[in-house]
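From first to last, the protein sequence lines are chains Z and W. Okay, so the first sequence: first residue is -19 according to this note's numbering, each after it adds one. Okay, so the second sequence: first residue is -19 according to this note's numbering, each after it adds one.
Mixed in with the good hints, there may be bad ones.
Each pair may be met inside one copy or between any two copies, as identical chains are not told apart.
To be verified - Subject to a maximum C-alpha distance of 27 Å in a straight line, what follows is the list of computed DSSO-like cross-link-like pairs (lysine-lysine):
# : residue 1 : residue 2
1 : K165      : K408
2 : K421      : K269
3 : K17       : K165
4 : K421      : K41
5 : K225      : K421
6 : K142      : K238
7 : K400      : K(-13)
8 : K238      : K270
Calculated directly from the structure, the hints in this document are not laboratory data.
There are 2 protein chains.
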Amino acid sequence: MVNFRYKQAESVVEADFEAFGELLAKADGFYRNKNGKGNDFLGWRDLTVLPESEEHDRIKKCAARIRENSDVLLVVGIGGSYLGARAVIEYLKTPYHNQLKNGNPEVYFVGNSFAGGELNTVLSLCEGKRVSVNVISKSGTTTESAVAFRILREYMESRYGKEEAASRIIATTDANRGALLSLAKTEGYECFVIPDDVGGRFSVLTAVGLLPAAVAGVDTDALLKGALDERASIFACDLSHPVYKYAAFRNIMLSRGKTNELLVSYDPDFRFMGEWFKQLFGESEGKEKKGLFPSSATYSSDLHSLGQFVQEGSPIMFETIVRPVNGDKNSPVIPFDNENGDGLNFLSGMTMDDINEKAMMGTLLAHRDGGTESVIIDFGGKDEYSLGELIYFFFAACALSGYVLEVNPFDQPGVEAYKKNMFALLGKPGYEAGKEELLAKINAI
Amino acid sequence: MVNFRYKQAESVVEADFEAFGELLAKADGFYRNKNGKGNDFLGWRDLTVLPESEEHDRIKKCAARIRENSDVLLVVGIGGSYLGARAVIEYLKTPYHNQLKNGNPEVYFVGNSFAGGELNTVLSLCEGKRVSVNVISKSGTTTESAVAFRILREYMESRYGKEEAASRIIATTDANRGALLSLAKTEGYECFVIPDDVGGRFSVLTAVGLLPAAVAGVDTDALLKGALDERASIFACDLSHPVYKYAAFRNIMLSRGKTNELLVSYDPDFRFMGEWFKQLFGESEGKEKKGLFPSSATYSSDLHSLGQFVQEGSPIMFETIVRPVNGDKNSPVIPFDNENGDGLNFLSGMTMDDINEKAMMGTLLAHRDGGTESVIIDFGGKDEYSLGELIYFFFAACALSGYVLEVNPFDQPGVEAYKKNMFALLGKPGYEAGKEELLAKINAI
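Can you make the complete structure from the sequences, with help from the hints?
The structure is reproduced here in C-alpha cells:
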C-alpha cells in the first residue's frame, strides 16, 4: 500500500487538516458516489480494464503478436495518449529500453509534436526492422497525431502493401464514432477502446497505456492488480487513508500561498513519471485561475541545478518525494581503494542505493532548515504491482485534491484555445472567421 | 544575432523598463568592468577557450583520437559538468544520437546521481564496444561523480589493463590542485582545465562541454565563433541590446508577483537545453529568498499536459519562447489523401515545420487572451554557430538579470547544505558531529 508521510512538515498541524475536513468529506462523497463535477469521467475509479477480462486478454494477445512479428512498435499519440505508456516503460524498463538487447521490441513515441525532424529520425531507426504501429486518438483528428499517422500510413503501405500494413496497424480509439474508428473499420485494423468515461490523463490503465507497455515487456496483470488493491485499500478506509492526507496537504500549501509543487524522485528512470504527474495534476487543477503548478526533478542530479533555488530561493514551493521502499538489489557496491585518493573509502562496502537513501534524508532535512518542507510518498518500488498502486494513488489523490479545490478535475476547457487559433491560421475549413484578425495581431508582434 | 521580442506582452510598457533603468545600468557596469558581486567568476565573459587557441586544438585532437579509438565515451560529471554537453549534443545531434549510425561515437552521461541501476545499464551497453572515459570534476571529490568514477576506473583497468586504461581516461579538472588532478598526474591521464573563474553552470564553452560535444561530432569552432560574435554584439551596443531587455523583462515580471518563468521550445530536441537553462538561472538567482522559478516545456506536446494550466490556471507565470528563425529544411510534407478521412487535406503540401510555426503563433495569442504573456527569443536555428550565440545570450542575460535582482549570480552557497547532512549520515570523516542529531530527526519522520 502507498503511504504518505507529512510529520516532518512541521508547520502543518492537525488543525490545518481539520480546516479542510468539510471540503475533504465532500470530495470523498463525490469520489465514492460519483456525483461531483465531471462525474461522467470517473471510469478510471473502478478500472475499465480488469486483469481477468476479455479486453485484457485481447490486449495481451495483440501484444504477444507484435512481440512476435515486430522489432519496433511506433506509438502515435499526444498528451494522455502517450505520457502514461512512456512513463511506465521508462520507469520499469529504463529510458535505455530501446537499446537493450533483452528480447523486447523497441517502442518509440511519435505524433506528439509537429517536430518533423524527430519523425524522420525515428523512421531512420526503423530501417531493416519489422514495424507495427499503434495509433491512439479518441477522435482521430487531433492534429499532431493525425499528421504523423497520415505520414506513417503511407510509410507502412508503401513498405508492406495495403493488406499487411493493415494487419500491422492497431487503432486505440472511440468505441462508436470518429474518424479513426471509421478508417480502422474500412481498412480492417484491430481496434481497442478508449472508454467515454476516462479522460486522456487517466487512461494509462486502459488499452491506451496497457498495449504499448505489454509490447515493451511490462507485466500488465501485476500493474492492474496493484491498482485494484490500492483502490480497495481506499474504499475500505475512511478519511484517515494516506490519499486524503495528501490531497488535503496540497490544498493547505496552496492556501498558504505556495505556488509550486515539486515532485522529486531519486531515480532517473522516474523522469517521465514526473511528466505524467505534471499532466495529471496540472490539467486537472489548473483552471479558474487556481492550482499548484506541478514541476518535477530528479535528485541528487538536480540538487546540482535546482537545489540552490529549493534551499534558498523564493519560498514558493513544497517538495513531494516519491520513495521506493524496496531498494535496488543490483545496486553496485563501492569498491575499496588502497590509495584512497578520492577519499571515498568511508563509503566502501556500501551500495549506491544505500548512499541514495542517505542523500534523500539529508536533503529533506537541509531543505526544511532552508524553509522548504517536504512530504514523502512511500511505495513498494520498481515493479509492476507497486507502480500500479502508485498510479492509482495519484489518480485518486488528483480527483480528491481537485474536488477540495472546488474545480472540475476532469475537464480541460483551456486546451481548445490554442487549437482554434492554430486552425484559423492553417486555414482549416470552418475556422476562417478569425484568420484576418489573428494575422493582424501576429504582424504587430 | 539573437533577438528578443516583447511587444506582444502588452501589459509591459516602456515605463516599466525605465523603472529598472538604474539597476540595469549598474548591472551593465558590473558586466563590462567586472567589478560586481562574484566578479572573480566572470571568466566566461570573454570565453576561456578561443576558437583558434592551443587549448582548443588540444581538445579537438583529443576528440579526434577518441573518435578513432572508441565506440563509446562515458562522461562522468554532475550539474554543470554534464548538463551543457548533454544539452548541446541532444539539440544538435538529437536525443537519439546514441542509436544513429552516423559515424559518431555514442556518448553517455553517468555519475550524475546515485542511481546504480543506470550505471549498470550503461555498462551493459558498452559490451563489445571500445570505451573511453572523460571524468569532469573541479575537486575530484564531488560524491556522485567520484563514486561512479571509482567504479569505472576499476572497470577500465580490469578491461584494458592499467596502462591502456590510463590512455583512455581523460580528466577535466582544476589546473593546479585537487584529488582528481593528483590521480591524473599519478596515472598519466591527459588533462583539461576547468578554469578558476568559470562556475559549473557557465562552463559549457570550456573543455567541460567542448570535449564531449566534439566527440559527438559537434563543430566546436562554429559553436565558439557564435558565442564570440554574440559577445561582440553586446559589447558594441548599449542598453538597447536585446539581452538587456530580456534581463529587465524577467525582473519586471518578478516585481509584479510572477513566480515562474516557463521556457518553451517547439522542438523536442531542445528538452535538455531547457534543463541547462533551469540550472543556469535557478542556481544564479535562487537565493536570498528571491528569484523566478525556472521551468521548461516542449510544445506542442506539453500543450496537451501543461497547456490547460498555462491557459487558465493560477496566473503565476510568463512564457519565454525560444524560436529558431531558420526552420527545418528536411521537415516532412503532409501528403494528400483522396479519402481525407482524417480531414487533414487542408494541410497537404505544407511541412510539419510550417504547421509548428502556426501552432506557436496561435498559442501565443491564446495564452495572452488567457492572461499569460509570452516573449520570444529568436535565434538562428539548429546549427552550431546559432547555438553558440544563444548560449552566450543566456549567459549574459543571466548575469545581468541576477545583478538587477541584486544577488551574486555566480555563487551557490545553498548547494552545500544537503551535502553536509549527507556526509554526516554516511559517516564521512570530519562530519561526525551532527550525525546523532540528524538520526534523531530522521527517526521522528
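Verification of the supplied hints:
Taking the shortest Cα distances, K165 and K408 sit within 27 Å of each other inside one copy (25 Å), while across copies they are farther apart (66 Å). Taking identical chains as interchangeable, the C-alpha atoms of K421 and K269 lie at most 27 Å apart only when both belong to the same chain, with a minimum of 25 Å there against 38 Å between chains. Neither within a single protomer nor between protomers do K17 and K165 lie at most 27 Å apart by alpha-carbon distance, with minima of 34 Å and 68 Å respectively. For the homomeric pair K421 and K41, neither the shortest alpha-carbon distance inside one copy (52 Å) nor that between copies (51 Å) is at most 27 Å.
In this assembly of identical chains, the alpha carbons of K225 and K421 lie at most 27 Å apart only when taken from different copies (22 Å versus 47 Å within one copy). Taking identical chains as interchangeable, the C-alpha atoms of K142 and K238 are never at most 27 Å apart, the minima being 55 Å within one chain and 54 Å between chains. Only between protomers do K400 and K(-13) lie at most 27 Å apart by alpha-carbon distance; the minimum there is 23 Å, versus 47 Å within a single protomer. For a Cα distance limit of 27 Å, the shortest separation of K238 from K270 qualifies both inside one copy, at 12 Å, and across copies, at 14 Å.
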